[in-house]
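Please dock the two separately framed chains into a single complex, following the hints provided.
Chains as they are written, first to last, in my numbering: chain B, 1 to 172; chain F, 1001 to 1446.
Any given hint could be a false lead.
[As the list claims (entries may be wrong)] Calculated lysine-lysine pairs in the DSS-like style (CA-CA distance at most 27 Å, straight line):
{"hint": "1", "chain 1": "F", "residue 1": "1272", "chain 2": "B", "residue 2": "97"}
{"hint": "2", "chain 1": "B", "residue 1": "87", "chain 2": "F", "residue 2": "1272"}
{"hint": "3", "chain 1": "F", "residue 1": "1404", "chain 2": "B", "residue 2": "54"}
{"hint": "4", "chain 1": "B", "residue 1": "170", "chain 2": "B", "residue 2": "54"}
{"hint": "5", "chain 1": "F", "residue 1": "1048", "chain 2": "F", "residue 2": "1082"}
{"hint": "6", "chain 1": "F", "residue 1": "1408", "chain 2": "B", "residue 2": "54"}
{"hint": "7", "chain 1": "F", "residue 1": "1408", "chain 2": "F", "residue 2": "1189"}
{"hint": "8", "chain 1": "F", "residue 1": "1069", "chain 2": "F", "residue 2": "1082"}
Hints are computed from structural coordinates only; laboratory data are not their basis.
Single-letter residue listing:
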Amino acid sequence: MKKLSIRNIDQGAIMKLNKIFKNAFLITIACLVLSACATQKKTGQMQGDVYTGKDTVEYLASGVPDRVFFATNESVLTTASRETLRKQAAWLRKNSKVTVVLEGHADERGTREYNLALGERRANAAKDYLMTYGISSDRISVLSYGKERPVDSGSNPLAWSKNRRSVTVKAN
Amino acid sequence: MIRTFFIFVFLILSFNAKALIEVDITRGNLNPLPIAVSPLSIDEESRKNFEKILKKKNIGSEISIIVEKNLKTSGLFNPLNKDAFLQAPDIANLKPRFEDWNLIKAQALITGKVNLINEKLRVEFRLWDVLAGKEMMALAFTTVPNNWRRVGHIITDKVYERLTGEKGYFDTRIIYVAEEGPKTQRIKKLAIMDQDGANNKFLTLGNELVLTPRFNPTSQMVTYLSYFRNLPRVYLLDIETGMQEVVGDFPGMTFAPRFSPDGKKIIMSFAKDGNSDIYTMDLENRIVEKITNHPSIDTSPSYSPDGKYISFNSDRSGYQQIYTMDSNGKNVKRISFGKGLYGTPVWSPRGDLIAFTKLHKGKFYIGVMRTDGSGERLLTENFYQEAPSWSPNGRVLIFYRETKTDDKGEGFSAKLWSIDLTGYNERLVVTPTDASDPSWSSLLSN
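Looking at chain F on its own, in the form it has when it is part of the complex (with noise of 0.2 Å):
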């Protein structure tokens, strides 16, 4: 299905001006960027060959809608009322009048055009400087219909890149264990949805038992845990062709996997006589390696973005704690000294830090340290939550929280959350069943 969506990107004009707005996401934002999305224009024979292949009334504005919700959810850019809007949109696109968005406080503006060519989508964007008076951006996409969304997500990493200065995260995937049932009986699924919680799809039937999904952060696989036939595996999934096989089918239970940053290896855990030690398989030889050789518990592993290091969880100082070793398992070193149990580090996709869960004093807290285990930060607090993923630019992280039930069992829930390294914007992303183990895929278009 993904390879189908090519996506052609044009430089309509390049214009090297200096970032005139800057957004900086380093800190909690408590000013968003005004930003008004003006509703791409569309001509009137345009608008009627999509609302009759897409069965939506004006493709123009649904796409601006998904670019206004993106901004409105990285919680760097207020998105502004459209009511206020004081130009059309066909004429903003060719040339704002700047004055009329200064009144309504806006800050930056996008403009567009939406046709259908050769049966192909064409939308062409631009963003302007109100201030300043001026065009910072020009680029126009054209690829299939049926595509409008993605291209609403492009268009956001587009505009996020420029006024950020670091690249999206719109265009992405979010594979999660989809869950139904009551708690001692809960049936999971693995589930896939476009980043903005469209698109859901149910991957397995819920007939086994499945946990944590990860994506290759280069291509459209998938590694997970399966206890298809009471045997818990870890499975491989091609997400495009559905084909799944087992990686892991050791003498044992295999888990805890995650792909190499280049993906060509899983590594995971290999459960055997009350111990669990790390291992490495090299998918396309199928050669094993171990990695870790204690008896303690060794679980939880995830590469470095260079591929040189592994940092894991391990109990062998007595409680669960993290750990960074060398890929090939020299030079363990303990990096959480806090008060505290700690689990599930991954490693940021920029390299520089470890997200964590730690459990203190019954509650849970997401975290990050740096990968040498100083500068400890807590971004939030709650009864029950674990399993950050981040997004592939490292600023955000998603993860799941399972809520408290009473003395008769009743209100359990588990919910995706995403939040801001900073420690800003939290968010529930909603799904349509209860949800947990999110994994964020790479950007899918590059």
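Looking at chain B on its own, in the form it has when it is part of the complex (with noise of 0.2 Å):
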């Protein structure tokens, strides 16, 4: 929906440009449209403030996402998170020997001691749901960097959004 109308916005734009300038302008145009697809990739990339993109994902195994990402000030496991955990817990089950560390992050948006608790409260929360699908929490210990070691370093709210996670690390 929201694509259709910046289209639309846009090529009625090159239409009246069109007749009064002509092609010297096609180019910026063509530019300018470009860039409005560009923008909209990067807001594709979030499903309100969470991060839905690949871009920093890693994999335990083909089809094993290594992360799950948050919303900001929350530690709610979103659909597609609980997704991830549920393919990592088959995998984890069918790797019984291995053990993982999940480390809490937070974006850079927020007081460090106060993040240093949210990270901890993420992983957490990605911890009980992979034991309710059977991986004993022998297996499993949390680690909160808070907002220390970010994976993105912009200040921009897609570099936060990236930052807002919960990384499943292979322990052993």
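Shown next as structure tokens:
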């Protein structure tokens, strides 16, 4: 829906401008359209403010993403996060010798100490979910980094969304 | 090291005149007091000996430069250019020609003398009221020569106290976290320096992440968070001996440590199973007490200076807010009700205010409120800043500020800043590397 309306506006602009200025401006407009698409793609990587893209994601095994993302100040697991964690749980059940550390992180837009607590809470949300899918708590430890280890060093909403995460890391 | 810092103070003349000049520090000072800091006079033999010991050409002028810089940084004084001084330092110290000092618009004058006596540095100084033509204070110190910078700070503290009526904060140190490297892989070390940035020293090597160092108000001990062996725990560090020990070795993360005002307890958060609560540990008998018990995040505890109350940060209302409670955890009260999120409450050493960090509409503020939450006053606004720490006299706050990075992640920096309680006199505190999490010590000499 959103995508359509943006294109319509741009095409309307192209027609108007063509009438007046012709070719020279086509290039500029093409650039505008491209950048509009680029920003659209960017916002397409977030749902609300939860990151849904794949940029920073690594894999524990083929088809098993290593991380889940959170909304600002939240530790609630989204539908997508739960799906990822179910995949992790299935993989952990198959690989019963593997132990993991769940590393909880926050974005840079919060005070250091609160973020340490928030990272711990996020990692535990992931841990609890893995446990409900049959993974023993003995195999999971939790480590909060707060805002100390961002994956994206940008200061923008997309970078922050990538940094609000819990990452499942093999410990052995 | 500090134990050898004995400083003998003599009152040369007990002069009981009422303060003739007064500096009001309760308001932003737009007319700092013009003060002349005459270089401390020194006889040629002492000068040569000090040059040998301290590698400073003229220790008398060096000390006066420290006093001058301190006074200027306070924002309350305007030290005058020495080129305009008409009277020689040695003669000025005996009896200033007040007309000369009046001529260059000095209202106060500091003079003094330095000697080497029995391998010791002896410094005397006098504070004069130029307009009234009277001596306001005269003191002498004897100490080991290596303490010469501290002598400059102590002189400033005495002058500040005499002219403002409140204790100074110059003979103090700042412990902080020195930062280097890219934002995604920051290397952090504990570092300590004098309040004016001199004598910077790194206390850890940067092998593990360290955060939030805080001074014990009664000694040269520091508590901080270390990720040693990837186990985030609260540690204790003795700055004199370099001895470190873990104090918060609970089955989970311990963090956000601070000392009680008597220095005998550490209050901190302990996070387990997704819940952070506040605990205390008695450092003598190691008895641990749980202070809060709530399924929300409870962190950033800070005692009132009388030890009777604790302020802390909690999201039990749904979002980060500031609360106070009795030291046993009873009578929890939310005190922050303004728009936005509130964090890092720190009780003023004077007891009347709580400094905090506030996030509102994408901006971060350092502010203060009364201990019941009334009278909120925001001192400074920026892209990111947090973690205020009070000067021991409760007049200045030091905090850290981070800059925004561009889309390539370039342009990041973290620096220490200070600001007066009045909201005036905001200053960058220069550090050799990037810096965060500052904590101000008590006065070293008391």
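Each hint tested on the structure:
1. At most 27 Å may separate the alpha-carbon atoms for a hinted pair to count; residue 1272 of chain F and residue 97 of chain B meet this at roughly 24 Å.
2. Restraint check for residue 87 of chain B and residue 1272 of chain F: satisfied, since their Cα atoms lie roughly 25 Å apart, inside the 27 Å limit.
3. A distance of roughly 24 Å separates the Cα atoms of residue 1404 of chain F and residue 54 of chain B; the hinted pair therefore holds under the 27 Å criterion.
4. A threshold of 27 Å between alpha carbons decides the hint, and for residue 170 of chain B with residue 54 of chain B the separation of about 20 Å falls inside it, so the pair holds.
5. Straight-line distance between C-alpha atoms of residue 1048 of chain F and residue 1082 of chain F comes to about 23 Å, which keeps the hinted pair within the 27 Å bound.
6. Note on residue 1408 of chain F and residue 54 of chain B: the hinted pairing holds, with a Cα-Cα distance of about 18 Å set against a maximum of 27 Å.
7. Taking the CA atoms of residue 1408 of chain F and residue 1189 of chain F, the gap is near 26 Å; set against the 27 Å cutoff, the hint holds.
8. For the proposed pair residue 1069 of chain F and residue 1082 of chain F, the alpha carbon gap of about 13 Å is at most 27 Å, so the pair holds.
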